[in-house]
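If you want the building blocks of each chain, they are given just below.
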Amino acid sequence: MTAAKGKVRLTRDSALALLAGMLRIRRFEETCAELYTAEKIRGFLHLYIGEEAIAVGALDALAPDDAVVATYREHGHALARGIAMDRIMAEMYGKQSGCSRGRGGSMHIYDAATRFYGGNAIVGGGLPLAVGLALADRMQGRDAVTACFFGEGAVAEGEFHESANLAALWKLPVLFVCENNRYAMGTALDRSESQTDLHVKAASYAMGSEVVDGMDVVAVEAAARRAVDAMRSGGGPHFLECRTYRFRAHSMFDAQLYRDKAEIEEWKTHGPVVRFTAWLRETGLLHDSDLARIEADIAAEIDAAVAFAEAAPWEPVEDLERFVLMAEVPE
Amino acid sequence: MTAKGKSAKAQMGAAKKGAARKIVARKGRTVRTTYREAVREAIRDALARDPRVFLMGEDVGRYGGCYAVSKGLLEEFGEDRVRDTPLSESGFVGAGIGAALGGMRPIVEVMTVNFSLLALDQIVNNAATIPHMSGGQFAVPLVIRMATGSGRQLAAQHSHSLEGWYAHIPGIKVLAPATLADARGMLWSALLDPNPVLIFEHVLLYNMEGDLAADAGPVPIEGAAVRREGTDISLVTYGGSLFKCLAAAEELAADGIAAEVIDLRCLRPLDEATILASVAKTHRALIVDEGWRSGGISAEIATRIVEGGFYDLDAPVARLCGAEVPIPYPRHLEEASVPQTADITAAARALVRPE
Amino acid sequence: MSEFRMPSLGADMEAGTLVEWFVGAGDTVARGDIVAVVETQKGAIEIEIFESGRVAEILVGPGEKVPVGTVLARIEAPGAPVKKASAKKAPAAKAPAKKAPAKKVPPKKAPAKMAPPKPAPPMPPAGARLRISPAARRRAQELGLETAGIAGTGAGGAITLADIEAAAASAPGPAAAVPAAAPAGTPQASMRQAIAAAMSRANREIPHYYLSRTIDMEAALGWLEATNARRPIARRLIAAALLLRAVAVALRDFPDLNGFWIDGAARPAAHIHVGWSVSLRGGGLVAPAILDADTKPLETLMAALRDLVKRARAGGLRSSEMSAQTVTVTSLGDLGADAVHGVIYPPQLALVGFGRVQARPWVVGEDIAPRRVVEASLAADHRASDGHRGGLFLAALDKLLQEPETL
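Chains as they are written, first to last, in my numbering: chain A, 12 to 342; chain B, 9 to 363; chain C, 448 to 854.
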């Protein structure tokens, strides 16, 4: 693993925190898969397994007042952003104690306290929102930035181009984080893009643009920090093409006819957890007892979250029409 | 066309918080103005009152607005508050939503409803949905203004009346100001509303001239208005068809038929109470809508009348709608494609005095 | 022992076909191991096991298609306590019904999303498919009017409000008395309109024939005067009461003059409710019904008349009084006409009229003496009766009035 340029202070604690962050997402997603097969979680379930380094690294570079827009594959982002796991799990179950009162489920996690604006199920649909959020911060003199996560499939949507252009034109503090996992559901990148180097497309909109190894949590964080720092002092948007891979299917109900098992196995050998764990061991930052403790803590947290979700109430049907229209702007 | 403001004893439906209020035509100082100028004044007023308000859309700044509504505003308020956008309806409507989420009070101008189709995903899947889907965590206090309707021989892709489509969506409010007072007063109330509000301005209304109270201010954005009282038939309409209905009512009066004209003002939510009260009085209803008949808002209104006023009806509910065609370019065909005053008069007469 | 079940892999997956096992009975498995392949509508998908242990028994073999949730194998935990995931317990309880996995959803019914339809006003008895507007139907119901047989002036011959009002005016006017919502406009104006409509219709539809008979009233009036002399003023009778009763009693034998023409046939009424015309101050006419006039003694009729006139003029008539008439009597009293040639109020069958009582030279025996006489007239529906019958009625009427003490 290459050491990143720029300011990444990698103490033992921060390093273990990064590892724990990724493992927390990993184990959470595995639990969700199990719960889904048992029909506790319904609808669509899109797992982030394999891509954890991007959410953990990028969100580590953000401040609490920054805004986050993500996609339907957003459980990892929600966890990394600091939304309580039990509220996320309850949301997966559809219970009233979930972050969105159970109304959204897996694809629509929202949290006002952490400025987490979903959870968007329309590919590309969150990008204009991110532009607007950044615009609002800029117009109100706040130095917050907006991180917008999306897959490489979104780059084909018109909304990506409109949003990139607008953000660059108006010099808005949007961090476009493209999680290029090479497959838009079942369509490989080279079957859908004339230009597969996505950072080149973004660069053509006159914004800072680079490729990042999406399996390297430290590299992701370093790149994100650089971009965010530049943005805070009046800089324009920035595009990070994070190259990664998802180890599971697009969603639970996917026979993966479009890719080879061999390819998956190959990517797993240099996945984010494997690589970082190995590096931490090499550098002596990680001991077995650390790992055991981290896994135990995570297991306990997950157990508690599942219990919380199981016991949580359903929203009463009488409340169905609440919040169709708002009586006032919250806060 | 002159708006017959004087005859209007506008009756607004109950506002969310208060009881029904009657707004009587003012007798104080009035100014001679146009619908366009009234809208401009409304925007100017909003920009001046609240620093969170800004106007964003195609050609609203340098060009002065496609319909000259925002002429002069860029010079007065600057580029930050009056923003020209690229041709990116989805992008800038979505940005408007994001900006509203982020604490601003944007006025997004989509040049016409015809182009709004490009932004339909943002409006339907984000603006209308986020408050409910997030469990009430976020509001989207956004106003989107659009020109709508036909009448300028602009052919099919520039002549739609899709207000009825939007009125189908829960989570947004849909307004159709048809008078100077509403053009002037609805915008501020819409900006105060925590929900996404769509304001449709019919293209034929921009030049409409009339008298407006010099101190005209905000008006409620819910509730229909009885623009003319009558006893023989209720003409229920909105937007660009209002002045045609008023003209028809004049003609009918000369013929001994007293038509009551209801200006819906707000298509979502619909003011059922006012409509039903009118039908209870007149026992006949004719809905006039420039949009297409099939599945249009006229169908919704007719159904509500049947649901709530069945036993008051002395004749089937009737409607005059746009012909089921893409609006054509030549004048005579365009005119034949939407209800005109003569059509309204004839239809009303036929309902009151069947052969 | 725990159960490994066919997993749900998608919202629209209902069943899967076990294609291949990677483990068999006796094999050790670890959490996360891929243990089998399942064929679904989307293709073959590998399925994993979420617990560690030993495969005790395989229950579903290759080629078998089973619903989601079916137990595929039993797993023995290797001496360890039951695994931590509490979620696993729930599927066990749900084995049978696969169609409704949301079993945990509370059984509350969804509240009506739309306001429940307002309770409909009770429908009047429907005839054959009648073209009548809802408003007209409701009004007819309020007035207790039979809707069949009323001619409609609406589109396609539909019966409209105006038609009902007109029909009601034939039984007296729609005046302010009726508590239900009246159309806008002054009561006088709408009454006039309704009378106009009724009279036009009568003229249009009813083939009238007219008969008259001059009746010697000396006996009746003499009796009246003698009776009244013995009574306090409050209990005195007026001639109208005599006339009213005589008509009612006479009609007992003439069902073809007491009833309605409806749907192409004469329908005699079971009762004799006489509508007595009362003129109102300010113009306008009502003829409220005196119910069962043939059964009421003179005193009662007198009281009823007095009460009715008072209430008619004050606007306090009941809707039943406005609609129950089976025949109408118009007595013009001292107003100046010798005889009434009236128009029947549809759908009634007859109108009995009385002109003013006047003294005329009369043949009595062989002499000519002045007698107080009154011209009684009958306007009748020729569809229901003919002149012969009408004449007989007038004769009967005459006879009754010659014996006033029997009335």
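No lab work stands behind these hints: they were computed from the structure.
Worth double-checking, as some hints may not be accurate.
Here are the simulated DSSO-like pairs of lysine-lysine, each with C-alpha atoms no more than 30 Å apart in a straight line [what the hints assert, rightly or not]:
1. 757(C) - 272(A)
2. 757(C) - 743(C)
3. 489(C) - 279(A)
4. 182(A) - 279(A)
5. 272(A) - 743(C)
6. 289(B) - 182(A)
7. 212(A) - 182(A)
8. 489(C) - 512(C)
9. 743(C) - 846(C)
To see whether the hints hold, each was checked on the structure:
1. 757(C) - 272(A): 102 Å, violated
2. 757(C) - 743(C): 19 Å, holds
3. 489(C) - 279(A): 24 Å, holds
4. 182(A) - 279(A): 38 Å, violated
5. 272(A) - 743(C): 105 Å, violated
6. 289(B) - 182(A): 60 Å, violated
7. 212(A) - 182(A): With a Cα-Cα distance of about 17 Å, the restraint between residue 212(A) and residue 182(A) holds, given a limit of 30 Å.
8. 489(C) - 512(C): 15 Å, holds
9. 743(C) - 846(C): Holds - the C-alpha atoms of residue 846(C) and residue 743(C) are around 19 Å apart, at most 30 Å.
The structure fails hints 1, 4, 5 and 6 (numbered hints given earlier, in ascending order).
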